[in-house]
Amino acid sequence: MRKFKIKYDWILFALLMVFLFVPIIQEWTGIFPVKPMKGVFVPTPKPEFSFETYKTNAYQTQIDKYTSENFGLRETVIKLYNQYLWDFFHKTHVSKEQIVYGKDGWLYQPGAISDYYQKQFRYYAADSAQMASMLSKEAHRLLLLQQVLESYGTHLFVCLVPAKDLIYPEFLPDDKDTIYEGEPKISARFFNEEEFTRLGVNHLNLEQWFLRIKDTANFALFPKTGMHWSRYAALQAADTLVRYMENLGDINMKNLVIGPKELDNARNPDDNLESLLNLLRPISKPKYYYAEGTTDGDPTASQPKMIVIGDSFWWVIAAQIPLKEVFSRVPYWYYNSTVYYDNRYHSVDELNLAEELVSSDFVVLFYCATQQYRMNDGFTQKALKALCVKDSVAVMDSTDFVEREIQRNIGKILATPSSMENIREKAALNHKTVEKAVRDDAKWIVNYQIQEGILKWPSEDNHTSMDSTTFIELEIQRTIKALSAKPEAMESIREKAAKYSKTVEKALRDDAHWVVNYKIQQGTLIWPGTTKDINTKTENHGIQ
Amino acid sequence: MVFSSNIFLLYFMPVFFLVYFILPRKVRNYFLLLASLVFYAWGAPEFIIHLIVSVIANFYLVRWMNKTEKPGLKKLLCGISIAISIGLLFYFKYGNFTMNNINSVLGWFHAEPLKWTKILLPIGISFFSFQSVTYTLDTYRKVNEPMDKLSDYMLYIVMFPQLIAGPIVRYCDIADQIRNRESLYTDRLQGFYRFVIGLCKKVLIADVIGFQVDQVLGPSNYDVLTTEQLADIANKIATIDSTSAWIAIFAFTFQIYFDFAGYSDMAIGLGRMMGFKFPENFDNPYVSTTISEFWRRWHQTFSVFIKNYLYFPLGGSRVKTEARKYFNLWFCFLISGLWHGAAWNFVVYGALQGIFICADKLFLKRFNERLGRIPSVFFTFLIIVLTRCFFRIERIDLSWMFIKRLFAFDFTPFHFSDNPHLYVTMLVAAFFSFFTLSKFGLKVQDKVYFTDYNRRQHIIAFVVSIIAFVFCLGALNASGFSPFIYFRF
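So the protein sequences, as listed, match chains G and P.
Per this note's numbering, the very first residue in the first sequence carries number 1; after that it's consecutive.
Per this note's numbering, the very first residue in the second sequence carries number 1001; after that it's consecutive.
These aren't lab readings, by the way, just hints derived from the structure by calculation.
Fair warning: this is a prediction, and the values are worked out from it, not measured in the lab.
It cannot be assumed that every hint is accurate.
The list that follows gives simulated cross-link-like pairs (lysine-lysine, BS3-like), each with its CA atoms no further than 27 Å apart [what the hints assert, rightly or not]:
1) 443(G) / 1236(P)
2) 96(G) / 1149(P)
3) 1075(P) / 1142(P)
4) 436(G) / 1404(P)
5) 185(G) / 1307(P)
6) 7(G) / 1026(P)
7) 1320(P) / 1075(P)
8) 185(G) / 96(G)
9) 1118(P) / 55(G)
10) 185(G) / 426(G)
11) 1236(P) / 432(G)
12) 214(G) / 137(G)
13) 426(G) / 1026(P)
14) 91(G) / 382(G)
15) 412(G) / 502(G)
16) 7(G) / 1447(P)
17) 91(G) / 1074(P)
18) 426(G) / 1118(P)
19) 55(G) / 1115(P)
20) 382(G) / 137(G)
21) 1320(P) / 7(G)
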């Protein structure tokens, strides 16, 4: 009996030791197949040990973060806990700023509640009046751009894409914050519809159409746990879009043919919000309708070139219809930044905007309701400038400028691992999301630069005003061109490049940068439209 | 390093125990010492040298003190040894506080402030300083002989399970265990179960509640906040409705208990895995019928320390006047308040506790007895909850403002659906806090904590512990890293 007792103690203890080593073994060998976590996050780089970083505890902090992201079976244990939170409390650790937890397992995109209660504007403007003014200006700009492009034979129109909150508000959570209480203020979706109609801006309001068909449509317009419209609804929307274009451009396009509906739960619906939750098992969902999108193959139909500028709703359409059959070319400028479906460019900044616009038959601005506060990501202003049109709407008000500077700094912070490290710590300390902390820091930098006079306000009487960084970048580009045209200068640059083991391009840019800085210091570089010089600190800002 | 970190749970602990149990008994103490130094050096690299030097100095001073026959020299050496321990504690923990106050006073007279570079508080200093004091005084009082080996003494001071946040182990309680102890497989297993219980208390209860408390009252350490953040917290406190205020302070009351008791469980469990029997630190403090009883049940090793090394030397209750007796009591609690943190709110907290203790002696205890057991438990609990305001909110004006909000009676409707995770966790915390009010609860507690398990119980406990451990790992990594409250003390 005694012997047996010792044995089971020993076995349990041995099992315990094996258990404690399982994560290490998994980390080293990956012996158990584990599905990776879903969602985008900035991975913590493996820290380099140094006595300095150890002494200041930076190494320990970093390694702890690194380990928490890389230990064996991490995915499984986190998913297990998330599943518990979801099953019992209908939540996970994904913050409410990333997901809105609706009723009955419905999920919404961030901003859904505030947009539904018409309070989303506060992220973009000081008050509803300012938001109205900004939206109105943008509508006027759109009208101007539409008229200019029309003269080149290009049809510009806005597609008001539906957002889930307005189509399915019945599943929005009840526990809305007090900040959503009170009278609705302003909503871009309603304001734009009214303003576009009043001004005559070409637009297709798919949201209104979705609202109209919601009760009669025998298919889901949005999936329960995804952000975007359902595949079948997107197909219907694409068909409507083509018809609208035919009408607007007075052309005959290939008609979309929507195949028979199939009820299916094997095909993956849009469940991008659910995937962020990283659960062990999927949330129960109804079957959704799917269909194949083809064309009638009309050989007489024209295949226009269309530029799509917008958010991710276009992806669902792009995946559903044979784009190459319907359009001759359909480049997609995602958030007016990254270029898709066009092998020539990766970024909007690389292309010749005027040339692209006037060579297109259609340009569509394709933003869903919660994204319509973004002012088309600056597309209209850039387009007017590229087309050498004086922006008579006049233009950049302070909020635009500050917001753009904030966004620029957010980009810089996100691209700097050391800054992100700092921010993650601050976020943890202050119990903010990392996104909020990044934005707060960016805001702080901009405020600081304004207070210190580092950031120069764009001249109000200059209709093609630009910020200091853009101006300097243009000056650098101009100098690069000038230097490139001088063989003796290039010879010297090549020598420098060889001496300092740089590429010629890098050496050329460095030289140009130096020339511009020198001009600034000497006061010979003048801000366009003003007599003020530019403070050299402009390029030095960053997280202090 | 903290117990609820990935580094500890996933790397340090498995590797440590594997090597520790493989090694022959003779060298286990050396390995434990080495591991403890690594453990401490990981979290406080700049202080490790101070720690080692002070430990070595103390060891030789105490040996000298023990050997000398001259009473005067003995007393002097004892004083120097204590001065080193308390001096380091005072310098690191109260240096900033003292200088800030001196400069404030100088400011009133428009004098130049004294220059002072802010110093960081080394983790665990309050605990190991006290342990070295017990060593010196127990040796001085001839309760125990001093250690023969420096490594054994160093191990007593820096042993990693109790180095950071206790329990404060008196030298006389552990001296023999350091020299000779046995670790049975059942001890190793039950030690692990205890560790997991503590981990669950910390991660699944205290951290969940603490996150919500921080949302309302801001982070527990206001030193790290900017003026704007402080203003934001002040604004939040000034406008909080009574329902939210009561929820927040009840939540904090549970959070601090489960956080600290969880840490103690983990320390006791780790110790038991190695064959140590550390003293218990908590005995269901929230079922106390009086404040005096509460302090006998809350952070017991600290209360014992204060009693033995402060209250008794002050004369205890054997003093000439009643007034002096009450002063001694009140003073001990004032000091214990200050021990919890170098800020005036902690002084107020300690002073209030002292007042309630004196009130207990004068009339409150009799009043509670008349109330009956259950009402007096809840009355005492209410006092604890209210005094916690001064503990949690590091500015007295804000604490007072918060108390006013508690009694502003502008209650808003309570919705369970607003935060079911918090409320369920609070209910679980309340259930376990008051579980031992019943005989059944006491019986269960005794079975789980203090009885040797049979085979069936071992198998059940093993499986449950493994699941709970995995669950805690998930919680820790899903919600991010969470430091303990008590590390600042």
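Practice item. May I ask which of the numbered hints given earlier this structure violates, with the numbers listed in increasing order? Key: 2, 4, 5, 10, 12, 13, 14, 17 and 21
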